[in-house]
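Peer 1: What follows is the residue order along each chain.
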Amino acid sequence: MADLVTVTIDGQKVTVPKGALVIEAATQLGIDVPRFCYHPKLSAVGMCRMCLGEVGMPKMNPDKTPALNEDGTPAIAMMPKPQTLCTTQAAEGMVVLSETPAVVKMREGVLEFFLANHPLDCPVCDKGGECMLQDQSMAYAAGMSRVQDMYHLRKDLEKDHPLSELITLDRERCIQCARCTRFQDEVAQDPVLELVARGSATMIDTMSDPPFDSHFSGNTIDICPVGALTSRDFRFKARVWELKNVPTISMIDGSGTNIFVSQRNETMTRVIPRDNEAVNECWISDRDRFGLDYVDNDARLTQPLVRRDGTLQPATWDEALQLVMDKLKSVQPQQVAAVGSGKLTNEGALAMAHLFKEVVGTPNVDCAWQPAIATPGKPSAAFYEELENADVILVVGANPNEELPILDLRLKKAAFQRKAHLINCNTYKTPLDRVAKQTLVHSEGSEVALLNGLAKLVHQSWTDEPAQSEALQKGVEGRAGAMAWIDSLGPYSSTRAAEIAGVDEAALRAAATAIAGSERLFLLVGEDASPATLAALQNLAALKSRSDYVVVLHPEANAMGVRRAGLAPGEGGRSGAPLLDAVFKGDIKVLYVVANNPLVRAADYEAAKSALETADFVVAQTLFQNDLTEHSDVVLPAATFLEQEGTTTNFHGKVQPLKQGLLPRERRDEQGSTLSACAPDWVIFTRLMQLLGKDPGFTTAAQWTQQFRALPATPSAEPKFSPVAYEASPAVVPDGSFRLLTGPLLMDGGESFNYCDRLKRVVPEPYVQINRSDARRLGIEHKALVEVKSARGGVQVRAKVGRVAPPGTVWMPRRLRDVQANRMVETDKPFTAVTLTKLEDAPREEAAHQQESAVTSYAPGVGERRPAGSTQGSVPGEQAAPVATV
Amino acid sequence: MAYEDEPKIIHQHINVPDIRKIGVYEANGGYSAWRKALSEMSGDEVLNEVKASGLGGRGGAWFPTGVKWSFMPKPVFPKYLVCNCDESEPGTFSNREIVLKHPHILLEGFMLGCYAIGCNHGYIYVRGEMMKGYAVLRQALAEARARGYVGKNVLGSGFDLEITLHTGAGAYICGEETALLSSLEGDRGQPRLKPPFPAVAGLYAKPTSVNNVETLSNVAYIIREGADAFKQYGTEEKPGMKIVSVSGHVNRPGNYECPVGTPIRKVLEEYAGGVWKGKELKGFYPGGSSTPMLGPDKLDTPLAPKAIEAAGSILGTAGLCIFDEDTDIVHVAARLIRFYKHESCGKCTPCREGNDWLVAVLRRLDEGRGKDGDLDMLLDMAGNIAGRSFCLLGDAAAAPVVSSIKEFRADFEKRITNPPDEKIFIPLSIANGH
Ligand SMILES: Cc1cc2nc3c(=O)[nH]c(=O)nc-3n(C[C@H](O)[C@H](O)[C@H](O)COP(=O)(O)O)c2cc1C
Ligand code: SF4
Ligand code: FES
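For the record, the sequence lines run as chains A and B. 886 is the number that this note's numbering gives the last residue of the first sequence; the numbers go up by one with no jumps. 434 is the number that this note's numbering gives the last residue of the second sequence; the numbers go up by one with no jumps.
Only chain A is shown next, with the shape it has when bound in the complex (with noise of 0.2 angstroms):
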């Protein structure tokens, strides 16, 4: 192939891609070229020195013929100077020596520059034992310092210089190799990370409000390649090789994020990546990374609880379980629900499924609190290395960056490494936009019309070219429903869905020849979206050939496997709304409610308080006692994902298996013994059938695994048209009133960050977001104390200036800590009208400049002025700090 050459290291010959770096190629051949600011996922820099070899080309005669040796070799032209391997491309015919004494004299040179302001403090440093400063220096330092009588002269700065909450650098032992710097610039894309000052003074700083600010910060602990970022989680906590790494997949989200759980005298120490390129690459989130703590917490429920006298009280096992067994029989099969969620595994909703909807025989049996698209094919297993291919991405109603971080970071590197044309539609501005090329903030409710009307353009785009829509046009029309969905079309000239969605018409042509001229198009779109927009979607689809393209991206850990298990409404069955209203009406008697809480989830908070408060008989089968409890006649304890075998499917479909690494959550008596235990959700269910007498025989995750790999396969995407049409809502946003938007965050400060010690600071304060036109014409400042309030209710939270949200539009997280926009929302409206009101100004200079300082001290809310008696905004279980006079 023209696209291979072969290079010499060594003496040994390697074929490789033209354009290869030479220390892959020479990794490829098993050679070490010692490195520090090369990283296989990072661009190559050059700036360490550590790699520099010698490199020769073969040398050309005048007429352009390959010089000879006088043995008849080709004669190699050496260059003058070393070069760094690390950007060295690969050439036909290269020579690399890699071992000279010439090399080896420079590597050692290099790390005698390195180790002379070295603190070498390696006995008390964290990386220690997987640090490339120490395994580089002992395999190709010389030894010997010239510098010894000098070590006073050492650098003397700062050994622990918080980043962030959940980081700290150690300014001592950076090396200035600009792999952290890099990661947030090229993979995260969140560029605040910084060197900073010049020559021997360049340093690490952030500079960003707050500081490190990013989803990913963690990741750059690992890739430093020396211990001067540390997590502040872990350190000083254990030395690495006493710890045991157990490989499993984070369920946080549906990324199906490969971790490993360290343990050191079974306690989880620490969550750290684990290499899967088809998944998570070497990355994970800060929320996989820091967020697992609450697991092994003290806070969780170890034993059965049940409703005695009006109090919960601990309950064996059995008498817990003999309770819910006899509730069960005593009603009719219609009048129990039973609803689980994404976080369960495989087996757990799969086992559940079976005995709600096969032994106890009721069809109201789901896992969410409103009904969900989804993914109407099937995706590529290869899912993410097409993704990357991709040449046009649209991504319709979708935050990755908060729901699906790693999808999050493969988007950004298929637009700004791979060069992927990226479309971004969303109500509110995303970070993805900071890689899209075409930004389409549209209005709420107008994506049919936007998608209808980039599905016109698209269509046109052939007939206006007759040479190739011929061929083209025939496999459309060959299709069901093509020619009534085109004429359906007609009404969406680019014009009027620019105009209905808010966009710039001229941009929506512009994402329409994009994807005109696409051949390998992918189409995100987030959960919430209308069974409309994803047909809408679909169309488009169907019109490129690529109906398996379609994906739905469903934060939720397990969201695609609990359905696929059956964890959704059979015949008749009740969910979501109508399933809430059933109990509170008194039709359903029994709700069996699993890891969800609709308090949290439900779309109307008043709807799920109701239902809960009427219910006749509640099960939660949870982690900790939380609000949802309070309403439970029983409680049954659950494992997490960490303390059980099993396995997930992430959000495209890829089941990956799941490692115990802890021992379910016990509580033992003085010597030791075991008084109980939680259970993995599967247990429990097993347990049941066994009590209703319809055991089915299975003891380990494994059987159930196999059940559930005998399901049937998702089929592919049949490639049809549906027309679907717009739908103007009449009404209006009230003189004076804003319509609320909502979305997710990453850091939300829900249930289980009150035990996450370390990663609770770094929830924000609860807050709106408001357009800047719109805070400017209301005398809002940033960070003002302001009162969003709509019919249903109003909370107190500080407001964020910026462009976030669309004139005219406020946006606020779906929650945060303890505010919830479920209490605001009303759920019979088309849309949620807000006012706003500033209640007081944002902190003064000084204020804001001790909060800063609060930050690095670590007390979340001080600074912040709060009015006295209300509780919004801190984290349960944490008094906001008093209020500082200012």
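Some hints here could point you the wrong way.
BS3-like mimics (lysine-lysine), calculated; alpha carbons at most 25 angstroms apart, straight line [as the list claims (entries may be wrong)]:
{"hint": "1", "chain 1": "A", "residue 1": "LYS81", "chain 2": "B", "residue 2": "LYS306"}
{"hint": "2", "chain 1": "A", "residue 1": "LYS105", "chain 2": "B", "residue 2": "LYS306"}
{"hint": "3", "chain 1": "B", "residue 1": "LYS194", "chain 2": "A", "residue 2": "LYS81"}
{"hint": "4", "chain 1": "A", "residue 1": "LYS413", "chain 2": "A", "residue 2": "LYS437"}
Quick caveat, the hints were computed from the structure, so don't treat them as lab data.
Given the structure of chain A, go ahead and fit chain B with the ligands onto it with the hints provided.
Peer 2: Frame of chain A, contents of chain B with the ligands only:
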């Protein structure tokens, strides 16, 4: 002939009163080349004339300017011409005089350069400390704009030209062309990997040529008088004149424009009035402080790149610094390495860390606390910097250390064996008289 009477190119009118003003400049033939090019010549013709003249880059590398321009891919737009006015090398001060006294000759050359390569927006990057020069250039540019020499449709030719002046923040490294481009883009002033070379992907990743002030200041002459007129001066290898900045222990320090190939002795003795106070010459560096020092035996070397290289140094920017017989060379080396340490950008290890330690070792040596073996260690450490660094700053830093030890090893050894009771500081006047 006295220096004043010798023919010159850039300095021909430099002492005419008020030559800074556009009227006076025009009265002395100024902007006639620009008018001529716009009305009679195509951009390619201008480029070919410059190529034919053999003009070599005066920024130190002497690379043929016309060839460099012709490397820029034709069909890619926009293209950029960037004038390197970051002159910061100790001992080099020819650009500064041009900018302060004779700004229009630079602007005219710059405009011609833009025209030659098809650049509609050029940048002049002025060193941060050169605020006066910046003010002069700004005034000159405003005058040129008022005359219609820059702007839309220059002199009705259909050629649009915008020129932007930009000041750096004061960093030697920003004279290195890729660092200059990073700084111009608003990034840290640090060099970039090559390839890609600026001619392919420079400013904003577009084809870019970076040229020195003195290089560009020669272009108006070449276009006005023709390549052959230019070639009557200098050597076959490098035609034309070079402004030699003479500093140090001489009677008349200053800038002297003389044909390439003029012997150093002539510049020192005839133009600069010889070593001051009637003292003997100890040594000199010929091309700015980053070029290796030479001893008196090399005084007859012609100021031409190959000849100076044969003598063991580099012509560079022709910043000739003279040391008299009483110069404390150890101190000179110690002082110079401090400069390079201060200016190291910090991107690569050898230059960032190595210079730090060179400073420490040379300081203790200078202060009389040197040890046996220090000299060999210094040479070895400098060897681990030169040729190992990301850019040439590392080599520049190592050169004065290595060359001074090699040329004057006895002085260094004496400092170790007979340390002075008390350090006597001899002021090192690089560029005095300015
Ligand atoms: C460390 C370093 C500093 C430099 N400083 C300057 C400078 O101040 N001015 C300059 O014109 N060229 C400087 N150069 C050379 C430039 O990189 C570049 O070669 C030059 O501007 C090209 O212009 P020319 O072809 O007209 O000489 C420097 C190079 C290096 C490596
Ligand atoms: S902190 Fe670590 S990763 Fe960042 S520059 Fe320093 S050594 Fe490199
Ligand atoms: S690994 Fe090649 S220069 Fe750092």
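Peer 1: Let me make sure I understand: some of the numbered hints might not hold for this structure. Which ones are they, in numerical order?
Peer 2: Violated: hint 2 alone.
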